[in-house]
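There are 2 protein chains.
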Amino acid sequence: MDKRRVLSLRHVLMLSLALNVGLILRLGYVGENWRAEQSVHGLCLEEKQYRNIEASMVDCDQKVAHVSKTKLVETTTWSTSTAHKEVEDGGGRVINLDHGDPTMYESFWQQMGDRTTVVISGWQYISYFSDVTKLCWFLEPEFARAVIRLHKLVGNAITEGHHIVVGTGSTQLFQAALYALCPPNASEPMSVVSAAPFYSSYPLMTDFLESGLYKWAGDAHKFSKNRPYIELVTSPNNPDGSTRQAVVNRNQGILVHDLAYYWPQYTPISFPADHDLMLFTVSKSTGHAGTRIGWALVKDQEVARKMTKFIELNTIGVSKDSQLRAAKILQAVGDSCDPVGSDEEVQPFFDYSYILMEKRWKQLRAAVKNSRLFSLPDFPTAFCNFSGCSFEPQPAFAWLKCEGEIEDCESFLRGHKILTRGGKHFGVCPKYVRISMLEREKNFDLFTQRLSTIQSW
Amino acid sequence: MDKRRVLSLRHVLMLSLALNVGLILRLGYVGENWRAEQSVHGLCLEEKQYRNIEASMVDCDQKVAHVSKTKLVETTTWSTSTAHKEVEDGGGRVINLDHGDPTMYESFWQQMGDRTTVVISGWQYISYFSDVTKLCWFLEPEFARAVIRLHKLVGNAITEGHHIVVGTGSTQLFQAALYALCPPNASEPMSVVSAAPFYSSYPLMTDFLESGLYKWAGDAHKFSKNRPYIELVTSPNNPDGSTRQAVVNRNQGILVHDLAYYWPQYTPISFPADHDLMLFTVSKSTGHAGTRIGWALVKDQEVARKMTKFIELNTIGVSKDSQLRAAKILQAVGDSCDPVGSDEEVQPFFDYSYILMEKRWKQLRAAVKNSRLFSLPDFPTAFCNFSGCSFEPQPAFAWLKCEGEIEDCESFLRGHKILTRGGKHFGVCPKYVRISMLEREKNFDLFTQRLSTIQSW
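Line by line, the protein sequences are chains A and B.
Residue 11 in my numbering sits at position 11 of the first sequence; the count goes up by one each step and never skips.
When you read off a place in the second sequence, starting at 1, and then add 1000, the result is the number in my numbering.
Treat the hints as calculated values from the structure; they're not laboratory data.
Incorrect hints may have been included.
To be verified - What follows is a set of in silico ranges between Cβ atoms, one per label pair, in the way DEER data are often shown:
hint : chain 1 : residue 1 : chain 2 : residue 2 : range
1    : B       : SER1456   : A       : PRO184    : 38 to 48 angstroms
2    : B       : GLU1344   : A       : GLU302    : 49 to 59 angstroms
3    : A       : SER121    : B       : ASP1131   : 22 to 32 angstroms
4    : A       : GLY253    : B       : SER1456   : 53 to 63 angstroms
5    : A       : HIS416    : B       : ARG1250   : 50 to 60 angstroms
6    : A       : GLN252    : B       : ASP1300   : 43 to 53 angstroms
Claimed, not checked - Here chain B is said to cover these stretches of chain A; the calculated rule only asks that three of the stretch's residues, wherever they fall, bring their Cβ under 8 angstroms from a Cβ of chain B:
hint : stretch
7    : 168–176
8    : 276–289
9    : 301–307
10   : 314–323
11   : 388–395
12   : 404–418
To be verified - Here are the simulated PhoX-like cross-link-like pairs (lysine-lysine), alpha carbons at most 25 angstroms apart as the crow flies:
hint : chain 1 : residue 1 : chain 2 : residue 2
13   : A       : LYS152    : A       : LYS328
14   : B       : LYS1215   : A       : LYS134
15   : B       : LYS1424   : A       : LYS309
Here the structure is a predicted model, which means the values were calculated and not measured.
Even for Gly, the Cβ is constructed at its ideal location relative to N, Cα and C.
Chain A on its own, in the form it takes in the complex:
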């Protein structure tokens, strides 16, 4: 082992302390001192006493070193943007946190330079077909390999015994799954349910074409029909970040697991998921929403075949350009966290994203505490097999509740020029809103700053 990379426990703790001090100074404008919280690195070290302490030191050292570097960049940016922000915020600029547009990862990919640049010649990938011998004939082998490798490295899903179906985002795969799981010419459409609060697009995507195959049937907790149904299990859940399991648990139930957020920057990876039908997407794992690529892991061959048929009829396959780009991105993420032969100059993607999410959650909780008008859910700490650390989930969305007399939280925040998505879209009361945690740094800072100053309704 390279001795230069092995720091003593004392060094790590000093750096960790420096980081926490940096965070306190950095977030000083919120107007409240941070409660002394043990950083993930501290926890990580505790957990890693059960592991090879020397190896874990390298990991934690690297994390801290990278964070220090990131902090430097951010502080510079922040200095500039603070001045800019003060002017802008004086004018009451609208902050849009309605959508989950994952632009916060942009700066990581900028740091990666040419490593993830995709180059495609005009004559390449012209055909509709990727591999006609395969069930999913439009799936690029390179993309499939990158998916399998990354799941293995992260340990969040079992790919063995599953067919991979690529889709134009997991949105298309969701619809493909409904098509595949519902028999044609049934006497009535199949009921589709999910426990409230559920992803606001589920009812819209299910019902917009008034399909005879399936129909949205609302909150899974209230489902009482004694007929076949599909239950959508989103874990971690969008919008509230909770870890979920099926709630109906009746005969004739078919489960679709939406695991868009089951990645180690958002939640501890407790086990490799091995469900019948699992959905993933690059938009939330790596932040490439504009690329429109998702994938399904499907046990049943006939279901995978029908999902492929849906995509054939809906869009005649999936863009090769995007699959190649997604493959390159997933390979880079894999390389950055692969202990075998990883590029030492590259910061592990999940370290970067984990630390940024952790920082943002701290920042938001401080703002909420300062304001006293809102509350946020608490999450239990759990051990993450991927990072070897215990931590609380730090979801991609914050599920904010307006306390006291504020009944319509979305309208209330809109009055403060903060756009969010209200509870009624998610099947619950309007005291809740969903807030994207994935915005660009400047907007997120502006948001927490403004939120912390809202003192009365």
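Once you have looked at the hints, place chain B on chain A.
For chain B alone, kept in the frame of chain A given last:
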């Protein structure tokens, strides 16, 4: 004007003659002499007597010179592939011409080298959004500009007064149009019709989700309901290449014009189309089927808005990577045929593709004549405003009829290991099949060679 590029009429006619002789020699293996046909260049010269003769000489000279160069490449390839072919054909290799996979353009794009190479960094185009101020918020401005410019140069569609909606191929836009044009919660689904023979995917795309909004109602010629309907007008038509107009022409009719093949390599551009809703796609215009990009030109703002909504619900927008690639390709096609500032080293794309289609149609007609078991439709010659030439349509698909006692042409050809798509898929009798004219050179040669030798049933 560069004098080196101006050849006399005598030179052009000599080259044209040489080309025709070349074609006869090239297609000698078909076993039949070609009937003496006036080449497009001859016709072109006649037409251009009404134009600036000197300028037209440059065009025609360039075409011939390029064809000569192309011929050289093809002859070399052909020599190699003939030997290969004889072995392969001896073994009775299956030739799949069922799909319209436009791989024939691959060699053109290879010749273009780096001019159409797209390079995208990992941090670019991460967001879902392209321009939130625009009706179609996921439309890349660069792609929109390329579309407008190319339509202007080719003169095949009016873009002024139309909104551009980008889609994951025109297949998705077709479904978006149905969604946009059918009122929700109607007492019964809207009828969707098209004159037979119609594109085989229309019924499937319309009915696969058993939508309550719309329903396939078959051949437009047989439509008799006195209720609102949507008529799909495909011109040039897939599968038979005919030029089309609406046939129902009743009140309460809404037209969708599928103009995927209204490009000058397939048909004379007689006028710039100016319909309410027109669909186009890169897969058939430039051959980039794997990129999955199409566009709609839509007059009515509300229809454009609802189409955008469909794409939002179906796939949350359209891949940015593919839009950028498509923009680059369309720009290159535009550059290659833009009289202002075009790159002299670049062969105009529509010259290349026109000449290749012309050659293939001659080759196919010779094979059909040799066999005597089949027939092909004839097309009237028309003047093309784009090329300044008169020519017969040379469609992307051949609509082949089995003559005599052969009732099921698809099965008959399958017996000869030629896969095609039978008439019943297009709403007509099985004596017809659709054959892709867009295959790679080797497969197309193998096909015409084999077809010409089929002498009896």
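Going through the hints against the structure:
1. A C-beta distance of roughly 42 angstroms is found between SER1456 of chain B and PRO184 of chain A, which places it inside the suggested range of 38 to 48 angstroms.
2. A C-beta distance of roughly 56 angstroms is found between GLU1344 of chain B and GLU302 of chain A, which places it inside the suggested range of 49 to 59 angstroms.
3. The hinted window of 22 to 32 angstroms between SER121 of chain A and ASP1131 of chain B holds, with their beta carbons roughly 28 angstroms apart.
4. At about 59 angstroms, the CB distance of GLY253 of chain A to SER1456 of chain B agrees with the hint of 53 to 63 angstroms.
5. Our hint of 50 to 60 angstroms for HIS416 of chain A and ARG1250 of chain B holds, since their Cβ atoms are close to 54 angstroms apart.
6. GLN252 of chain A and ASP1300 of chain B have their C-beta atoms about 44 angstroms apart, which keeps the hinted 43 to 53 angstroms range intact.
7. Interface restraint, the stretch 168–176 of chain A with chain B: holds (5 residues with C-beta to C-beta distance below 8 angstroms; minimum three).
8. Counting residues of the stretch 276–289 of chain A whose beta carbon lies closer than 8 angstroms to any beta carbon of chain B gives 4, which reaches the threshold of three, so the coverage claim holds.
9. Here the stretch 301–307 of chain A counts 0 residues with a CB under 8 angstroms from a CB of chain B, which misses the bar of 3, and the coverage is violated.
10. Beta-carbon proximity to chain B at under 8 angstroms applies to 9 residues in the stretch 314–323 of chain A; the threshold of 3 is reached and the given coverage holds.
11. For the stretch 388–395 of chain A, the assignment as covered by chain B is violated, since 0 residues bring a beta-carbon within under 8 angstroms of that chain's beta-carbons and 3 are needed.
12. Counting residues of the stretch 404–418 of chain A whose CB lies closer than 8 angstroms to any CB of chain B gives 0, so the stated coverage by that chain is violated, three being the minimum.
13. A threshold of 25 angstroms between alpha carbons decides the hint, and for LYS152 of chain A with LYS328 of chain A the separation of about 17 angstroms falls inside it, so the pair holds.
14. Note on LYS1215 of chain B and LYS134 of chain A: the hinted pairing is violated, with a Cα-Cα distance of about 32 angstroms set against a maximum of 25 angstroms.
15. Between LYS1424 of chain B and LYS309 of chain A, the direct Cα distance comes to roughly 20 angstroms. Compliance with the 25 angstroms bound is thereby established for this hinted pair.
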